[in-house]
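*Asks:* Could you slot chains B and C onto chain A? The hints should help.
Chains as they are written, first to last, in my numbering: chain A, 1 to 305; chain B, 1001 to 1317; chain C, 2001 to 2578.
Hints in this document: simulated from the structure, not taken from any laboratory. Mixed in with the good hints, there may be bad ones.
[What the hints assert, rightly or not] Below 30 Å or equal to it, Euclidean Cα-Cα: the simulated DSSO-like pairs (lysine-lysine) are:
#	chain 1	residue 1	chain 2	residue 2
1	C	Lys2547	B	Lys1312
2	B	Lys1004	C	Lys2170
3	C	Lys2166	B	Lys1312
[Unchecked claim] Derived DEER-like restraints, expressed as beta-carbon distance ranges:
#	chain 1	residue 1	chain 2	residue 2	range
4	B	Thr1277	A	Leu141	27 to 35 Å
5	B	Arg1179	A	Pro217	57 to 65 Å
6	A	Thr133	B	Pro1224	47 to 55 Å
[Said to hold, decoys possible] Facing chain A, from chain B, some residues (calculated, C-beta under 7 Å):
#	residue
7	Ala1027
8	Val1139
9	Met1143
10	Ile1150
11	Gly1254
12	Val1284
C-beta: ideal position from N, C-alpha, C; glycine also.
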Amino acid sequence: MSTNTNNLDDLKGSAVDGGEVPKESQTTYTPFFKRVLAQKQGKIGLTLTIIVLLLAFCGPLLLPWATGNTATEFVAKPFSPHGLFGSDNLGRDVLSRFFAGGLTLIVYSVLATALGMILGAIIGMLAAYVGGTFDAIVMRLNDVILAVPQLVFALLAITVLGPQGWVLVTVIGVTHAPRIARVARSATLGVITEDYILAAEMYAMPRWKVLLRELLPNITGPLSVEAGLRLTYSIGYIASLSFLGLGLQPPAADWGLMINENRIALSIQPWGVLLPVIAIALLTIGTNLLADSFARATASTSVEA
Amino acid sequence: MFGKVIGRRLIFSAFILIAVSLLVFGATLLLPGDAARAILGQQATPERIAALNEQLGLNQPAWQRYFSWLGGLFVGDFGTSTASGGSVAQLLSDRIGNSFILMAAAAIISVPLGIGLGVYSALHRGGRRDSALTGISLVFAAMPEFVIGIGLIAIFATSVFQILPAVTLAPPGEPVWGRPEQLILPTVTLILVVTPYIVRMMRATMIEVLDSGFVEMARLKGVPETRVILRHAVPHALGPVAQVVAIQLAWLAGGVVVVEFLFRYPGLGQALIDAVTYRDVQVVQAISMLVAAVYVVVNLAADVVGILTNPKLRSAA
Amino acid sequence: MTTETTTVRHDDANLPNEKIVLRVTDLKIATNAGDEILHGVNFALSRGEILGLVGESGSGKTTAGLACMGHFREGLKFASGSVSLWPRGDDTAVEVVELDEVAVRSLRGSRIAYIPQDPALSLNPAMRVGEQIREVLDIHKFGSSEAERSERVAAVLVDVGLSGDKAYQKRWPHQLSGGQQQRIGIAMAFAMYPDVLILDEPTTGLDVSTQAVVLDTIRQMTVANNVAGLYITHDLAVIKDISDRVAVMLRGDLVEEGPVASVLEDPQHEYTKMLMSAVPDLAGRKTIGEGAAAEPESESKATHILVSAGTSKSDDSTESGDGAATSANAPLLQVKDVALAYGKAQILDGINLTLEPGDCTLLLGESGSGKTTLSRCVAGLNDDYSGTVALRGAELARSTRKRTNEQRVGIQYVFQSPFSSLNPRRSIGQSLTVPLEMSGDGTAATRKAQVEEALDSVRLGRSFYHRRPGDLSGGERQRAAIARALVNQPSVLVCDEITSALDVSVQASIIGLLRTLRKEHDLAMLFVTHNIALSRHIADNLAVLNKGTIVDYGPTAEVLENPKHEYTRTLIADVPKF
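Next up, chain A with everything else stripped away, as it sits in the complex (with noise of 0.2 Å):
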């Protein structure tokens, strides 16, 4: 009679007997992506963020045909003759403003994101792997720059450089650094003291093979759920300085700046506010879904059978 095909995992699952709890590895290889779909919350998340991309980078495709009809009335009707959604108060379709305005915010977005993660990335990684006095002087500055919120931050950046785009990204980026760098570090510190990361020292692995083939794919979980999260906080800091007339300047289209310039007459032509506020609640309420479906699918690797 054989005594062990219990699997491990199972064992785990029912994680009732075992005497000495074992120093157990945090994650099992199943595919990533099949669990997040596997949730509601993936596959909304990911409907809504599908669609409003589309939108964002279609829309720009279809403007001569939202653009057909000039206006010259100015806050024009909706479902009128003068476009689908009636015309803002210079007299422009909204229709067309919103097919051209979503294509930047999202760009910006992820450009912002991807900087943050990359630095944060690095910064929390090394910090955790080296240790020391670099560990402790890396995260004190993080903690100078977590003093200040981003947006205050970003508003100090457009105060001097001026609103320009490069300030924005790199603005958002840089104070996103510190927050991820914080989890990426102690993501790290939890698998650093697995036995296979001694044992790829001890094998004397160069130091960056060990940080890039045994770190690295192990800390990919909070790291995708951190992007997911933090790409939902860029959409909304860019969109709320646009709003706050801080971002693209007049006349570009963009859905920040096209809220700030219709706000006004919200009760008699609403359309050009709720076009774009739907779409970047939907843009952001899709991420941060996707954010979540991604920590719950890094979750289920761990515990739960």
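*Replies:* For chains B and C alone, kept in the frame of chain A given last:
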């Protein structure tokens, strides 16, 4: 011993504030070469530029300007607004109170609300009410504050109901609490943004605590469920949640900017946006420092809560 | 899966009689998803007796124990069967699993008490220990007055051998040692004079000497209070020490039950027999893991026994080693005056050890003795030590990174936990290739061949090359980890507690495997463990480490029969005998 821990945190807080001041001041050094011209625009006369340079102290070396600025902060002298020509302290003094009202109202409501809903959600883990709460908090946590604010305006102030004012109506000089109804929408917006984070964190921490050995042990001792939750579980969840609450309160200090702008509320945020638009560096610096100070204070408070709820830290050297 | 299993019973004590306090009949428990975890378990607890419930991980023994209290962990639910309790001074039985919340709560902690596995996790860290004991009394309304309850708290603390004074009661759990914390747990359980006691591996996390004290307390308290106990454990030696009767569980079934002496000495069920043969005995009368070495502990797979190629390989390595040797008569591995201190804490002090080719030395130590630190110093994973470690007479650099390739290859280290030592994101093949890649010999093809050969030699088989650690059992992972240490044909293998995370039957097969490998590869081995019972099964020499110094060192038999140091003597005395 307790004092020693707190003392160390105090020193660290001071370090943070000094470092932030360096950062905030350092940012102004990035101003384009001819700062005065950048501020005043191309049409400015040489005399005005010279006057502004004098006023900003741009003729002095940077470190000297830093120390006189820092020294000023300690005595409440935040410098002179380049846009209005008045003192920054004067400009901000009545607005601080307005912003504080907004933040305090939001904090007083959202902290207990968030903790309560989080505990409720954790106790009904996996059930329909829990997933509904989780879903709602995910949605609200996602949206930027101005999106939520506009949603509220559309529903309660313009298209659907028209029962609340869409913007602040009080003329300059009149206290904002003179017309309490104008405070409702901005406060609700802030609550809707802040509460979801507290709910989520409280729920996660509670679930972790409810799964812990000592909660199971309490149940196996025959302790009634309400006592299990109130005496054994909740106190352990408060420490970590205090940290999140602190971060959220600090965030309020920043998020209030957008909300004030949206509702034309005469607070610090509105002043900050104006200052950024006019590149009024002194005002931006002053508000940044104030916001950092709020962050440091609430974090210190969270540390105290963390220490008080954990006897290990309390008795540690 | 097995169908109906009948329990082998050695006597009739399980039949209804007036001594029985708690009877479990045909108990079935399933997961919420509907998979059955317990397939109809029957046992009875009698007053003044302890029933030991033994089983390896996943056998469902804790689930069965908690069911006696009407408690089911998250994800599990009661399916069918009954749990009847006859409380003191009550003739009619109570059906524990059918009671409502309030009624079952009034039983818990008062009539049925629980002593948890890990006291550090089970005491509320934010509540003073006296208050935690007091809470039980308050809830169950012990006695008639406040004063009576306070008195009881003090009395029960004294009963378990702690101080009952107010100052002690005011302590926080973190201010107590593990043994003291566990005794608080015991005091809490006995506070209400319960009828039944469920003990869930209460000594697992403790040192042998602390374990002896705690077991003693439990035994005394059970007899003094005339309580029926259920002692859940995976450790047969403890069972023999503490319980009167024993029940053996296997994957949700009770396979054998009876008085301890008759079950353990005359096992009837095949599984019990196998378990008994796997338990190491201090006397070393049996050979554990014999035959098991030839096969991985699970499915029977086609096994590839190393052919002559393997042997010639090991010859090669010895030759090349000798070629590079600096001095012909220097020992293979020599540890000299190794010491290590962190601040004031002296972890290791004046350690001397030698190892000749093919020798195995068992390094014995309790937790905190510095045994892992020492083995890591040898492997070059800890470079904070002073003194020297020499391989074939050549002194080694302290850090593995500074050692030469050949030196690195010469000493290989196997980690304690197989769950942690293999990267979950990489296949077994990839992980096993690392040592070869880093030492830089061969081409990709020869490396693959070498890895496959190593997989064969640990009896896993080549099919494991592409699998990931996640789908391997603990024993299989440990074999893979051993294979990684073997790919480079080392001359010294350092094994750091490599069986402590494994079930006893798996441990036996790993020990068997190591014995075979030693013969096949002429390996010298430093086997580090806390389990003195293993010594005769694997080692030629025995070194006893206590608080950073070696207190006894010599041939295994000699040390065990004539221990020189007091510490060794108590260790041998404290080991539950078989």
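*Asks:* A separate judgement is required for each hint: does it hold in the structure or not?
*Replies:* Taking the hints in turn, this is what the structure says about them:
no.: 1; hint: C:Lys2547 / B:Lys1312; verdict: holds, 27 Å
no.: 2; hint: B:Lys1004 / C:Lys2170; verdict: holds, 23 Å
no.: 3; hint: C:Lys2166 / B:Lys1312; verdict: holds, 20 Å
no.: 4; hint: B:Thr1277 / A:Leu141: 27 to 35 Å; verdict: holds, 31 Å
no.: 5; hint: B:Arg1179 / A:Pro217: 57 to 65 Å; verdict: holds, 59 Å
no.: 6; hint: A:Thr133 / B:Pro1224: 47 to 55 Å; verdict: holds, 51 Å
no.: 7; hint: Ala1027; verdict: holds, 5 Å
no.: 8; hint: Val1139; verdict: holds, 5 Å
no.: 9; hint: Met1143; verdict: holds, 5 Å
no.: 10; hint: Ile1150; verdict: holds, 5 Å
no.: 11; hint: Gly1254; verdict: holds, 3 Å
no.: 12; hint: Val1284; verdict: holds, 5 Å
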